[in-house]
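Residue numbering for the sequence shown is 37 to 299, as defined by our numbering.
Hints are not guaranteed to be accurate.
Said to hold, decoys possible - Pairs of lysine-lysine, DSS-like flavour, derived with a Cα cap of 27 Å:
(1) Lys-108 - Lys-234
(2) Lys-212 - Lys-234
(3) Lys-120 - Lys-108
Claimed, not checked - Just the calculated beta-carbon pair ranges, DEER-fashion:
(4) Ala-267 - Ser-62: 20 to 30 Å
(5) Asp-188 - Pro-44: 24 to 34 Å
(6) Arg-287 - Gly-168: 56 to 66 Å
(7) Arg-238 - Arg-289: 49 to 59 Å
(8) Gly-63 - Ala-215: 48 to 58 Å
(9) Leu-41 - Asn-83: 21 to 31 Å
(10) Arg-204 - Ala-147: 15 to 25 Å
Since the hints were made in silico from the structure, they are not lab data. Think of the CB as a built atom: it goes at the ideal place given N, C-alpha and C, for glycine as much as any other residue.
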Amino acid sequence: MVSRLPAPEFPAGLEWVNVSDAPLMSGLRGRVVLLWFWSYDNVHCWNLLPDLAHLESRYHDGLTVIGVHTPKYPHQRDASVVLKAVNRLQIRHPVANDAQHALWRQFSIDAWPSVVVIDAEGQVASIIAGEGHRVELDEIVGRLLDEAAERDLREYEAAPTASRPEPREALLFPGKVLATDEYLYIADSGHHRVIECKHDGRIQRQFGSSDPGYWDGRDEQCGFRDPQGLALRDDFLYVADRGNHCIRRIRLRGGDVETVLGT
């Protein structure tokens with residue numbers, strides 16, 4: 037924990053990649069604010085996303101989450117590249133492109149990922165580096181919201197979602213492709229499905245409902261979450277279901293999908 041000092045206002049030159057109106061720190065009074073500093077090539081940052089989703093869901097009427105992308109390398113400063121990463125990772129809260137590390141320096145951050153928790157009065161309550169702190173963050177956010185409610189400072193309102201989506205196309209961030217003599221099998225990762233198509237691109241079958249989820253079934257009556265690697269053996273197509281941390285198996289003859297390993 038750190039002593040509660042006033043959180044600085046967002047720098048004027050900060051780029052916001054997925055919102056039209058830049059938020060103001062002063063405009064977030066009455067809410068707990070969670071800033072997370074990340075870089076799109078860092079797997080430890082990716083691992084933090086489920087924790088953030090948990091907090092956003094549990095404290096939807098009092099918590100604002102804001103991503104601050106701070107590049108590790110010069111080529112990561114481009115806001116359009118950051119937006120691609122935001123959409124690929126399906127981040128739906130505001131994200132700033134801190135290309136010059138201005139906000140990073142203001143909060144004395146020195147590691148990816150790092151989380152800054154700001155209370156309802158705009159004071160820095162905690163700074164935590166690294167991943168794997170869901171329980172601690174849950175306790176801090178809950179306590180700060182309770183404190184704000186006890187002092188009649190809390191604002192009860194859901195945070196608006198942020199989105200600047202990709203153009204609608206047949207595929208969205210496809211992860212892998214596997215070719216046989218007759219078909220192409222494509223992990224259409226952004227659409228949470230695996231498709232079977234002819235070599236000319238005509239889709240024959242779809243496995244997965246296109247909504248992220250985790251359930252077994254047949255053809256479109258099952259759920260994947262960010263499917264990636266593919267491997268074929270006999271009549272079975274094996275899928276690395278990355279977002280669900282498991283291996284799924286598709287019986288091509290009938291279209292049945294089952295989980296063979298993992299959660």
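Now the hints, each set against the structure:
1. Lys-108 - Lys-234: Judged against 27 Å, a Cα distance of about 41 Å means the pair is violated.
2. Lys-212 - Lys-234: Distance ~16 Å between Lys-212 and Lys-234 Cα, so the pair holds.
3. Lys-120 - Lys-108: holds (17 Å)
4. Ala-267 - Ser-62: 20 to 30 Å: Given range 20 to 30 Å: violated, Cβ gap about 53 Å.
5. Asp-188 - Pro-44: 24 to 34 Å: holds (26 Å)
6. Arg-287 - Gly-168: 56 to 66 Å: Violated: the Cβ-Cβ distance is about 37 Å, outside 56 to 66 Å.
7. Arg-238 - Arg-289: 49 to 59 Å: Taking Cβ atoms as reference, Arg-238 and Arg-289 lie about 20 Å apart, which means the hint is violated.
8. Gly-63 - Ala-215: 48 to 58 Å: Given about 52 Å between the Cβ atoms, the range holds.
9. Leu-41 - Asn-83: 21 to 31 Å: Roughly 29 Å apart at Cβ, these two residues keep to the hinted range, so it holds.
10. Arg-204 - Ala-147: 15 to 25 Å: violated (37 Å)
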